[in-house]
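S.K.: The two chains are supplied separately, each in an independent frame; assemble them into the complex guided by the hints.
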Amino acid sequence: MKYLYIFTVLMLIISFVKDKKKTVQGIKLGLKKFNKILPSYLVMLIVISLILLISQKFIVQYLGQKNIVLGTLTGVLIGSVTMMPGFIAYPLAGILMKEGVPFIILGGFVASLMLVGVVTYPVEKEYFGKRVTIMRNVLGFIISLGIAVGIGIFYGEVF
Amino acid sequence: MGFLKNKRRRNYFFFFIFLGFVAVSFLLKFDTGIAIGKNFSIFARDMALILPPAFILIGLFEVWISREQVEKSFGHKSGIMKYLYAFALATTTVGGTFVAFPLANSLYHKGAGYEAVFTYVTAASLFMIPMSIMEASILGLKFTLLRLGLSVPFIIIGANLLKGYLVKRNYSLPVVE
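As you go down the protein sequences, you meet chains A and B in turn. Numbering of the first sequence is given in our numbering, commencing with residue 1 and proceeding in unit increments. Numbering of the second sequence is given in our numbering, commencing with residue 160 and proceeding in unit increments.
Extracted from the complex, chain B is given alone in its bound form (with noise of 0.2 Å):
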């Protein structure tokens, strides 16, 4: 089994043995592995629709947004706006942390600093407009304004603290071709 050792075809292996169990739970009426086929449908559909055109503008934003520009609203220079840039672009990421993350790791590698980077991605996971809505009108508003509110502070200071503790470690993040 030594096509394995490589991390790319060890995972599509896994996910192959996966499909085949869920195709074969649902030939033989395994309840709990066709709950498991269902479950797994909620996520793909949404990843299946959202990450090729996602990519596709995370590409755009390569090719076309210099670093000077990306330095001049998220870097060292950009002041407290830094925030408000992350906290705008984050409200407008659809599709929340799964197109956040590498969408971060190209805003750093342009040249962001470490607590917009952070602000953002964080955000991003807390400011979901659709998902904002489903809650409050379940929970209600007070609700929501209260945990969308309470979040800003928390995620200003922490996104500061590791960009402490990352800028003294020299530490930068991985570049992903």
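Bound conformation, chain A alone (with noise of 0.2 Å):
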């Protein structure tokens, strides 16, 4: 975060240096784009923090289970549709990790966290619209299962 700042400082030191109109320019534009986008980020704000009120629970409940067949596809669901910061996902997968559940559920609930947005969607629709932003999203989630199930392979649970 620090070198955000740092970064963001520099490039605006040098941009300013080499040319004060095209900086102006390129501030408003940026700040434009925030502006017009800003609404779309809150409204996901609040989609996030109402799931976010549940899905713990849900975690503990549901991955908290040996069958790997339907754990990876439950923890790739659950991953999908929740979305959650690193300090809250991973001590979670950590205690499941140390009750025994296999690597590869926590693989794909992980995998499918990061990688399939269901609550992004209000956000990331601005950007590629409506249809991508659907079939990126699935193809996440089919890329989740993917890596859990290549992930179980390594550690010996699949075969």
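Source of the hints: derived by calculation from the structure; they are not laboratory data. For every residue, glycine included, the Cβ atom is placed at its ideal position computed from N, Cα and C. Just to be clear, a hint being listed does not mean it is correct.
[As the list claims (entries may be wrong)] Quick partial rundown of chain B residues pointing at chain A, CB under 10 Å, derived from the structure: (1) Tyr171; (2) Ala194; (3) Ile297.
M.R.: Pasting the structure below:
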């Protein structure tokens, strides 16, 4: 985070030295884009804060199982519809790991948590359009399953 | 309620109702409402800190980087190098997909190919460095390396599948002013 600010200030200085007018134009353009998308981000934040409320309970309840096929599918599904910060998701996954939940299930959950964003839909659709957003997320779901199965194979949980 | 027909206004309207609900929850000590408010603040804080500088950088990108430069690195002539550039940009993107979506849109309109754009966005969500470090410390380095390594072929194949479909349909991403 600190580096983002250092980098931004550095870029602004370089840009300003090279061309004052272009810099002002760039800042204006960036802020205009930000202003335009802000309401979509706000709606997304509301959805996230509601979903986060129920998802932790859900994860402990439904991922804590040892049936690999069902568990992996559930893991990918829950990861897809929820969105949570790493400092909540990973300690949860760590607890499940210690309870003996297979890595294939944890892998599916973690991968889809990052890859599939049902809740980021309001923002993504503005930049990619509805159809591409849906296709990209369906693809993300399949990729998450693929990554999970790969992890399962390497940990010797599949064969 | 005619003013709610405008999408922007409607979204702001929802947001202020939401804020009001959280404020009332804190006043009345309504536990569920307080929990929702706390969840909100977790992400809101990050966004408030990351998005303004990120969008300023996107603005600078728009005025300084020419179409030719983007085409050369991320366009059709770039060959296999465009994937390397896409992964390099993805690992250095702070804020994951929240920042990757607008930047991907800008890249596309400057001449980046679909395969590079989608490789970038997908990689940006999977290759976040702080998240990966936390993951490795809790689930083990082996797990994280497997997750990252396995995702590379999937990301590239997936991006090309999407590209094939979109090119055939002559699709173009929306223009965001």
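S.K.: Next step is simple, just say for each hint if it's right about the structure.
M.R.: Taking the hints in turn, this is what the structure says about them:
Annotation: interface hint on Tyr171/B holds; nearest CB of chain A at approximately 5 Å, less than 10 Å. At about 6 Å, the closest approach between the beta carbon of Ala194/B and any beta carbon in chain A falls short of 10 Å, and the interface hint on this residue holds. A cut of 10 Å between beta carbons decides the hint on Ile297/B: the least distance to chain A is about 4 Å, and the hint holds.
When the structure is compared with the earlier hints, no violation turns up for any of them.
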